[in-house]
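Engineer: Next come the chains, spelled out residue by residue.
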Amino acid sequence: MGVRLDKPWRVLTAEAVADLPAELGVFQLGDSAGEVVRIGYAGGRTLFGLRSELEAALAKREAAMFRTEVTSQYMSRYEELLMVHAADHGQLPPGNAAEARRRLGRLSPG
Amino acid sequence: MDFEPSEEQALIVDQVRRLVREEVWPLEAKLDPDASRLEPEDHARLVGKTRAMGLYGLGIPPEFGGPDVDIVTQTLIAVETAQHRAGLYSPCFGAFGGAGLAQLYEANEDQKERYLFPMLRGEKRGFFGLTEPSGGSDPARAIRTKAVRDGDTWVITGAKIFISGADGADFGIVFARTDAEKGRGGITCFIVDADTPGFYVRRVVHTLRSGHYGTELQFEDARVPHANVLGEVNRGFAIANDRLTRQRIPYAAGCLGVAVRAQEMAIAYAKQRETFGAALSTRQAIQWMVVDNEIDIRTARWAILAAACKAARGEPFRTEAAMAKLLASEGASRVVDRAIQIHGGYGVTKDLPLERWYREMRIRRIGEGPSEVQRIVMARDLFDQALY
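Protein sequence lines correspond, in order, to chains A and B.
Each residue of the first sequence is one higher than the one before, counting from 1 in the working numbering.
Each residue of the second sequence is one higher than the one before, counting from 111 in the working numbering.
Okay, chain A solo, but in the shape it has when bound (with noise of 0.2 Å):
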């Protein structure tokens, strides 16, 4: 596992999300230029993990494309996942701007 999330995009569609696992995991949604929109995580009160979340946020129509990574770290990687967004870019994604009113950590990954 790499510290970046680095799959290829898939496109947000109800047929792909309807493929996803129901397992336990972390996303990203990007837009149509591949710009993450959002980082999350499909944790263990999710009915259908990372399919219920992805199927919330295409209803919601959130993003263009997202990615996922199933693992049972859910936590402790979206942490990582936005520690490493934020050191990469200077800011958190849009769709994430609710953690800054908590401290996030700094990463420096190299």
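In case anyone wonders, no lab produced these hints; they're calculated from the structure.
Treat the hints with care, since some could be wrong.
Mimicking DMTMM-like on lysine to aspartate or glutamate, the simulated pairs with C-alpha atoms at most 20 Å apart in a straight line are [as the list claims (entries may be wrong)]: (1) B:K292 with B:D303; (2) A:K7 with A:E69; (3) B:K381 with B:E342; (4) B:K140 with A:E99; (5) B:K222 with B:D303; (6) B:K460 with A:E99.
As the structure is a computational prediction, the values presented were derived from the model and not from experiment.
Since the structure of chain A is already known, use the hints to place chain B on it.
Structural biologist: Chain B in isolation, oriented as in the chain A frame:
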């Protein structure tokens, strides 16, 4: 030893127990099963309650503004505060505050002004940087991070691993080798500001705990002023060692708290769940598991309180603390495992806290010195000599 809490201790324990069950449990029910943090407003509300109880800042010496609560009472409280899903590593989500980096109470006045007091006011956070990729159980020999004096500064080079909270900290207490020839007598403790050029938090280290992580640190010619040496040059090992000994009692108490709660759950479930026409609690196999749980719980409780009572009397308690840590972490691991067995399939789901405790309890047999090191500590005292 027969221990009965005093009337005052029983009152405090009852207050804390009610806080955990009436305030923390409902908040936790709304969180992710692996969460280690509350929403800020919920945390502030809980802190308000612990302040009102006069128990905020447990572990902070009274002369620095902490409540005047002795170590035995603190231990009894620690057993209670662990009795919820996140309680092993985030007892009451930090609502009781804490001593922070206790080593800073030994700092000089200038260092106290710059680090200790801001930390106690909640303005600065610190991390404890001891373990290295080369090992954590034998810090006297494993520490390869080195510091070389250059005028009024020290130049630090090396790496640390499994360090909690370094990514969000303002400063850290970092141990480095300052004399390659002297073993444990060649280690110095430094206070390193997080914005020091050459100090990097390189990566997150994922573990069995999903809601919390360690970090890997790198020092590339990080320059630290001589004024930031904590204690004396080449006397840093004593600072690390003292912390490790003291920490073992509350660490063990947290394990015991989780074991107590797992046992409560196991008994309740065994009474309610029927198999082949009778309650599980009527089956001898289940009864024996519950009895074995109780033996582990009472053994750990005895050892923990024995250590705390010796510490309260100002007597040496290194062997007792090591024994308490070993018995509690290993015994509680068995208790949680049996509780899962009694719950069957439900025991391993995220619907119940048992699976989280099972994962996190595994770490407790390694953290703060693995069981093998606790045995070394005890053997050293029994033979009254330095064995290694």
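Engineer: Decide, hint by hint, whether the structure agrees.
Structural biologist: So, going through the hints one by one against the coordinates:
no., hint, result
1, B:K292 with B:D303, "27 Å, violated"
2, A:K7 with A:E69, "9 Å, holds"
3, B:K381 with B:E342, "59 Å, violated"
4, B:K140 with A:E99, "18 Å, holds"
5, B:K222 with B:D303, "14 Å, holds"
6, B:K460 with A:E99, "25 Å, violated"
Consistency with the previously given hints fails for numbers 1, 3 and 6, ordered from lowest to highest.
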